[in-house]
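Whole structure, please, built from the sequences with the hints as guidance.
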Amino acid sequence: MGTSYTPPTNPDWWREPIERTEMVWIVLSFTWCVFMFGWMIGWHWIGNQNMSNETYKTTPEAFSQKVADMQAKYTVRKDEATGEDVVAPPPGSDVYLAGMMWQWRPILEFQKGKTYRLHMSSLDVGHGFSLQPENINFQVYPGYEQVLNLTPNKTGIFSIACGEYCGGGDTMGHHTMLGRIYVKE
Amino acid sequence: MSTTTMSEYRVDPVSGLKINRTANTLVKWNAFAAVVFLLVGGLFGLGVALTRMPSVQLLSPEIFYMALTAHGLVNLAVWIIFFEMAVLYFLGAHVLGNRLATPRWAWTQFWLMLVGAAMVAVAVLGGNSSVMMTSYVPLTAEPHFYLGLILFAVGALIGCFVFLGTLVIAKREKTYSGSLPLVVFGGVTATIIAVFTIVSGALILIPTFLWSVGLIEHIDPMMYRVVWWGFGHSSQQINVVTHISIWYLISSLVFGAKPMSEKVSRGAFLLYILFLQLGSAHHLLSDPGLTSAWKIFNTSYMIYLAVLASMIHGLTVPGSIEVAQRKKGLDTGLFTWLRKAPWGNPIFSGMFLSLVGFGFIGGITGVVMSVEQINMIIHNTMYLPGHFHGTLVVGTTMAFMAVTYWLIPVVFQRKIALAGMAKWQPYVFSLGAWVFSIALMGAGTMGVQRRHADITFAGQPLAYQYPEIAKGLMDIGEIFGVIMSVGAVMFIVIVLASIFTGERIAEDSAPWPKVEDADVTFEKTGKKHIGIWGMEAPGTFVLAMILFATIILYYFINFKYLSTVWGMS
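Line order of the protein sequences matches chains D and R. Per the working numbering: the first sequence = residues 1 to 185. Per the working numbering: the second sequence = residues 1 to 569.
No lab work stands behind these hints: they were computed from the structure. Note that CB positions come from ideal geometry on N, CA and C, so glycine has one too. Treat the hints with caution; some may be incorrect.
To be verified - Listed next, the stretches of chain R that the computed footprint assigns to chain D, with coverage defined by at least 3 CB atoms under 8 Å from CB atoms of chain D:
id	region
1	211-223
2	247-254
3	258-271
4	418-428
5	444-454
6	516-525
7	538-546
Stated by the list, open to error - Simulated crosslink set (BS3-like; lysine-lysine; CA at most 27 Å straight-line):
id	chain 1	residue 1	chain 2	residue 2
8	D	112	D	184
9	D	154	D	57
10	R	263	R	28
11	R	560	R	28
12	R	28	R	174
13	D	114	R	560
14	R	28	D	154
15	R	560	D	184
16	R	18	D	154
17	D	112	R	560
Claimed, not checked - Computed beta-carbon distance windows for the label pairs:
id	chain 1	residue 1	chain 2	residue 2	range
18	D	69	R	469	24 to 34 Å
19	D	185	R	291	57 to 67 Å
20	R	335	D	18	16 to 26 Å
21	R	178	D	45	49 to 59 Å
22	D	185	R	213	49 to 59 Å
23	D	18	R	506	18 to 28 Å
24	R	125	D	11	15 to 25 Å
25	R	215	D	124	41 to 51 Å
26	D	11	R	270	17 to 27 Å
Next up, the structure:
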């Protein structure tokens with residue numbers, strides 16, 4: 001007797017035994033839950049793709065200065081598409097990438113298999129670092145400088161799109177925000 | 001209707017519900033407002049869909065961002081929360097045979113929410129508040145954008161307290177005895193989560209409003225996100241709890257089923273109260289400044305205990321239907337109970353499509369994408385809209401539509417007009433919503449970013465071309481988005497036709513045919529056991545195992561894909 005919209009017919013419902021279908025399912029589900037929890041922790045040791053926990057407070061002014069310094073030091077050539085500087089910092093060094101309405105700058109060049117300390121921050125509103133076609137995505141904010149140890153494992157031309165809506169209108173905006181990373185052997 | 005000696009209550013002859021007239025008026029108005037907003041939000045959604053088709057691109061970017069802001073706010077917040085107010089009043093008053101506490105405050109809830117929604121609408125349509133529903137600072141909207149949201153939220157908070165007050169009255173006036181019915185227990189769960197949600201919203205939107213008028217100088221963008229998602233994500237948890245309660249309700253209404261175990265179902269709701277809120281961390285997984293330990297603890301809802309709760313409901317709801325069907329004589333084979341279910345009844349078909357779709361589309365993807373590391377290859381891509389249409393549209397909205405078909409005769413005392421169309425509506429809507437969700441998730445897996453007015457980067461010197469297949473998936477997805485809109489319009493037409501022109505149902509006549517309690521039928525058969533393998537619901541168990549296998553497979557496919565991308569640490 002009973003329904004889900006009337007009070008339980010057995011006032012002592014707390015002591016009713018659990019039927020087998022439910023019991024087996026609960027045990028299986030809980031086992032999977034514990035596994036997933038453990039796997040997520042374990043990937044920090046067995047996996048090569050993990051979030052960095054390194055973040056600093058910064059300001060748009062301080063960060064643009066770091067970008068400019070790096071650019072002055074390591075510019076190697078002009079980009080064919082835009083005529084802008086292409087910056088190739090040495091492997092292992094600190095690399096600064098700024099998101100702003102509506103571009104990612106500077107254009108970078110990396111070497112395959114080498115690790116770079118990529119610092120990301122925004123000069124205005126929130127943006128999303130979205131590396132294509134790898135499809136690696138991070139949030140980037142003004143005032144926060146996140147450091148990610150990045151190791152390209154393929155060569156080619158990689159684009160950075162914006163993953164966080166950052167305003168704009170018909171000619172320019174969130175949907176036109178781009179940057180580029182070249183990876184060579 | 002008689003106008004002379006109208007008593008305060010009428011009794012629904014089928015369900016036996018004692019319906020308070022004042023409460024009923026409030027249920028009606030909130031449900032009606034909800035459906036009107038579904039139409040408004042749906043039209044903006046259609047505009048979004050037609051723009052996201054790379055081969056159509058209907059709206060200019062400026063209009064697109066405005067439409068997307070409006071679509072998100074109206075469909076995610078306004079339609080759903082108005083409907084939830086109707087559901088809470090229905091649960092507290094009608095289900096408990098009770099009157100509503102302070103109807104005047106309930107009207108305040110209604111008008112505040114309406115005025116708030118209107119203010120937000122004016123701000124958004126004015127064109128200077130295209131900040132998306134998330135309104136991340138330092139993007140700025142007009143002050144009345146934030147103020148409207150605050151009024152809307154305060155209205156909803158009042159509704160929650162009216163519901164809680166209504167429960168106090170029911171208890172004091174002994175309108176029921178023993179424990180609360182399961183669906184009301186679900187309503188309490190939703191309300192507790194709602195209070196948490198709305199307080200989070202106030203904590204961040206009030207300072208943001210003051211910032212927009214110049215009284216506060218700076219709002220930290222990270223802090224904004226941490227607190228805002230206590231509102232943004234938790235509001236979606238209210239939906240989950242509400243639509244699960246509706247699944248339980250419909251199982252009883254259509255099949256005369258009872259919960260397989262009160263203890264298990266209530267325990268699962270309790271897990272929601274304790275752990276579901278932690279899920280707001282899902283949105284912060286790729287953010288700077290938060291540690292992995294914090295992310296892992298929260299994103300897993302402390303060892304996935306809220307996921308466990310959803311997996312439990314996902315089994316017990318169809319399980320209770322199977323048990324009822326078997327007790328009523330369909331006790332052969334594994335799936336006879338399901339094959340012989342009333343698939344032409346939109347109350348059942350809508351509810352079951354919501355259940356299966358929510359589990360397989362919204363549920364599995366939600367668990368996988370919220371893994372700390374997997375999130376990096378999914379975060380803010382088109383996968384996100386794909387996923388949450390798989391929960392909110394495929395799950396919540398479909399469930400709300402299904403229960404509306406039952407409510408119209410009971411609450412509005414009108415027969416469902418256009419019954420032939422109603423029979424097809426859940427299938428059209430679900431077909432659209434399912435394929436839409438899956439196609440968008442496919443495009444997101446290939447990198448297509450969300451909230452882009454133009455995914456081709458036309459005219460940009462550094463333009464990137466997404467794979468052709470990703471663009472094709474966007475076209476297919478949005479075509480099915482249009483089919484989903486057709487399904488939604490069918491629903492709205494049926495509802496409006498029914499409540500305005502549907503055949504009136506006299507006060508003492510039955511709105512629905514009587515459904516016999518499955519246990520009563522079972523007693524008459526004289527049988528002692530049902531099911532096979534010592535299980536009362538073996539068919540449901542097999543379906544659950546298919547879900548289980550799918551999630552394991554999908555989980556590792558994503559890790560395989562993750563392991564091929566650039567190294568990160």
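What hint numbers does the structure not satisfy? 4, 9, 10, 11, 14, 16, 18, 19, 23, 24 and 25
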